[in-house]
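Enquirer: Here is how the chains run, residue by residue.
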Amino acid sequence: MALSTEDVRDIAKLAKLQINEDELDRYKQDLSRILEFVEQMNQADVENVEPMAHPQDMMQPLRVDEIAETNQREKFQQIAPATQDGLYLVPKVID
Amino acid sequence: MHKLTIAQQAKALAAKEFSSKELVSHYIQRIESHDEQLNSFVTFTPERAIENAKQADSRGAQGGILNGIPIALKDIFCTDGIKTTCASRMLDNFIAPYDATVVTKLNEAGAVSLGKTNMDEFAMGSSSESSYYGVVKNPWDTGRVPGGSSGGSAAAVAARLAPASMGTDTGGSIRQPAALCGITGLKPTYGRVSRYGMIAYASSLDQGGPFGISSEDCAYMLQAIAGHDARDSTSVDQAVPDYIAGLNESVKGLRIGLPEEFFQEGLDPGIAEKIRQACDVLKNLGCEIKPISLPNARLAIAAYYVIAPAECSSNLSRFDGVRYGYRCEKPKDLEDMYSRSRSEGLGEEVKRRIMVGAYALSAGYYDAYYLKAQKIRRLISEDYKAAFADVDAVLSPTTPTTAFKVNEKSDDPITMYLSDIYTIGVNLAGLPGISLPVGFEQDLPVGMQLVSNYFDEQTLLNLGHQYQQLTDHHLQMPKEFE
Numbered sequence: 001m002a003l004s005t006e007d008v009r010d011i012a013k014l015a016k017l018q019i020n021e022d023e024l025d026r027y028k029q030d031l032s033r034i035l036e037f038v039e040q041m042n043q044a045d046v047e048n049v050e051p052m053a054h055p056q057d058m059m060q061p062l063r064v065d066e067i068a069e070t071n072q073r074e075k076f077q078q079i080a081p082a083t084q085d086g087l088y089l090v091p092k093v094i095d
Numbered sequence: 001m002h003k004l005t006i007a008q009q010a011k012a013l014a015a016k017e018f019s020s021k022e023l024v025s026h027y028i029q030r031i032e033s034h035d036e037q038l039n040s041f042v043t044f045t046p047e048r049a050i051e052n053a054k055q056a057d058s059r060g061a062q063g064g065i066l067n068g069i070p071i072a073l074k075d076i077f078c079t080d081g082i083k084t085t086c087a088s089r090m091l092d093n094f095i096a097p098y099d100a101t102v103v104t105k106l107n108e109a110g111a112v113s114l115g116k117t118n119m120d121e122f123a124m125g126s127s128s129e130s131s132y133y134g135v136v137k138n139p140w141d142t143g144r145v146p147g148g149s150s151g152g153s154a155a156a157v158a159a160r161l162a163p164a165s166m167g168t169d170t171g172g173s174i175r176q177p178a179a180l181c182g183i184t185g186l187k188p189t190y191g192r193v194s195r196y197g198m199i200a201y202a203s204s205l206d207q208g209g210p211f212g213i214s215s216e217d218c219a220y221m222l223q224a225i226a227g228h229d230a231r232d233s234t235s236v237d238q239a240v241p242d243y244i245a246g247l248n249e250s251v252k253g254l255r256i257g258l259p260e261e262f263f264q265e266g267l268d269p270g271i272a273e274k275i276r277q278a279c280d281v282l283k284n285l286g287c288e289i290k291p292i293s294l295p296n297a298r299l300a301i302a303a304y305y306v307i308a309p310a311e312c313s314s315n316l317s318r319f320d321g322v323r324y325g326y327r328c329e330k331p332k333d334l335e336d337m338y339s340r341s342r343s344e345g346l347g348e349e350v351k352r353r354i355m356v357g358a359y360a361l362s363a364g365y366y367d368a369y370y371l372k373a374q375k376i377r378r379l380i381s382e383d384y385k386a387a388f389a390d391v392d393a394v395l396s397p398t399t400p401t402t403a404f405k406v407n408e409k410s411d412d413p414i415t416m417y418l419s420d421i422y423t424i425g426v427n428l429a430g431l432p433g434i435s436l437p438v439g440f441e442q443d444l445p446v447g448m449q450l451v452s453n454y455f456d457e458q459t460l461l462n463l464g465h466q467y468q469q470l471t472d473h474h475l476q477m478p479k480e481f482e
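For the protein sequence lines, the chains are A and B, in the order given. So in the working numbering, spot 8 of the first sequence is number 8, and the numbers just go up one at a time. So in the working numbering, spot 226 of the second sequence is number 226, and the numbers just go up one at a time.
Hints should not be assumed to be uniformly reliable.
To be verified - What follows is a set of in silico ranges between Cβ atoms, one per label pair, in the way DEER data are often shown:
| hint | chain 1 | residue 1 | chain 2 | residue 2 | range |
| --- | --- | --- | --- | --- | --- |
| 1 | B | Q29 | A | K75 | 33 to 43 angstroms |
| 2 | A | L24 | B | K332 | 17 to 27 angstroms |
| 3 | A | N71 | B | S233 | 16 to 26 angstroms |
| 4 | A | E36 | B | E408 | 53 to 63 angstroms |
| 5 | A | L87 | B | E408 | 48 to 58 angstroms |
| 6 | A | L24 | B | D443 | 36 to 46 angstroms |
Derived by calculation from the structure, the hints in this document are not laboratory data. Predicted, not measured: the structure shown is a model, and the values here were computed from it. Here a beta-carbon is modelled for each residue, glycine too, at the ideal position from N, C-alpha and C.
Please model the entire structure based on the sequences and the hints provided.
Expert: Below, the structure written as structure tokens:
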């Protein structure tokens, strides 16, 4: 699957990555190559095959809705880039 | 002291031949003298190690099965109060605020951590060349790679800078470095070892596991870390057998399958010869060797390089500069903060895989890529299931070549991906696999892989131990580091 430069820009946007103009071409080539490579998958007949998401087809185990953890916000926020009043600070979103 | 296995060290500590403090100090000295050549450690913690060694000494017989034994941890396991980087600029400033379950369990067993080892960034790679902290070298030839992504953990044990270490394996990242470094490495069954606190790459494939000099040492490590964890909802509530007692069971009559797809013309003749010799040893032990077929094995790499990137694109979306890790300077707005923090913090291979994953999951492509890959995954699992109706273990080389030179494969991602050919299907199926050293080809280690059925690590460790009673490849170490 050969990607276009526009495709790469779109994917980068989805993935919240910034690809510079001078890098676009290399990523386009690498990604196209990988996608071409995985097209080998089309050799298999998967018509009536169930997809497998978990090696033992396990389901999400459930537990009783009781509080089991303690709030450690202060400890976890010690390593944050910017906080205030227990909140994480980021550049202004709404004007 | 560094030539001793864990089993021997544990006996010596119990008999008070030396103390944990002496043992740990010995390794600290070795790391200080030798690691500059290898770059196997990201964060070396000698003071903590000495403190913990002293505590182990006072615990004495009251300590766990690894009491006083030094180990190293791949820098993907969160360690409370200690830098945990995943070899990425993104986490260069990340001091983990909690211990991974594996770390807690190793601490409870009395093990003493020497530090955090180097790896491919975010566990994505087969050579440990993509680390933010520089390339890891293979102690058998420092112009060559140790393999990846757990290269630091493998190199450290190979050079005896630690008797054992922890790695993680998503597509072969324990088994392949074990093979290239001439040591033993085990990937447990998916769900056998808790992933809580193990920074996620591909959640349906990742599994933490040990490196050791011997299969016996891997059994000690697995005994300490295996078990259900309520904090990891993919961990399985299955009883943990006594792996150590199981080592001495006879392997007579065990049936071992050789997949014909893995023994075709392309296989390096030197490696083929070592595998043949290993099969002879297994026959002498009374094992039956027979041909089997894994017809869909050839599609494993393609399926993996859709599934793993897809899962990684989801897992790595948490690295956004908001709550921890790298945040770019002077962000213009929120979008800029997200995309620049990620682009500046993450390396090339990581970004490549995130983008492949995002594409494979996007509207219009999900069926053609991700869903199809999950179906192939089912086919590969079914192949192994059919094989295990007939055999107790599946045998193959671990890698198609011995350790390649630094930079030899870093130009083309696909060339690197192809080195996972024997290991990758095992992760897709979720089965346990071990790599055992079986000799040398032009002075470089060769590894053999054994794969068994779900939760049957016992058979792998047992076969490994019995094989290692009759051979001494696992006791070899590079002369330069003796």
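Enquirer: Hint by hint, say whether it matches the structure.
Expert: Each hint tested on the structure:
Between B/Q29 and A/K75, the C-beta spacing of about 35 angstroms keeps the proposed range 33 to 43 angstroms intact. For A/L24 paired with B/K332, a C-beta distance near 21 angstroms keeps the hint of 17 to 27 angstroms intact. At about 21 angstroms, the CB distance of A/N71 to B/S233 agrees with the hint of 16 to 26 angstroms. Our hint of 53 to 63 angstroms for A/E36 and B/E408 is violated, since their Cβ atoms are close to 23 angstroms apart.
About 49 angstroms separates the C-beta atoms of A/L87 and B/E408, a value consistent with the hinted range of 48 to 58 angstroms. One distance hint, 36 to 46 angstroms for the beta-carbon pair A/L24 and B/D443, holds here, with the actual separation near 43 angstroms.
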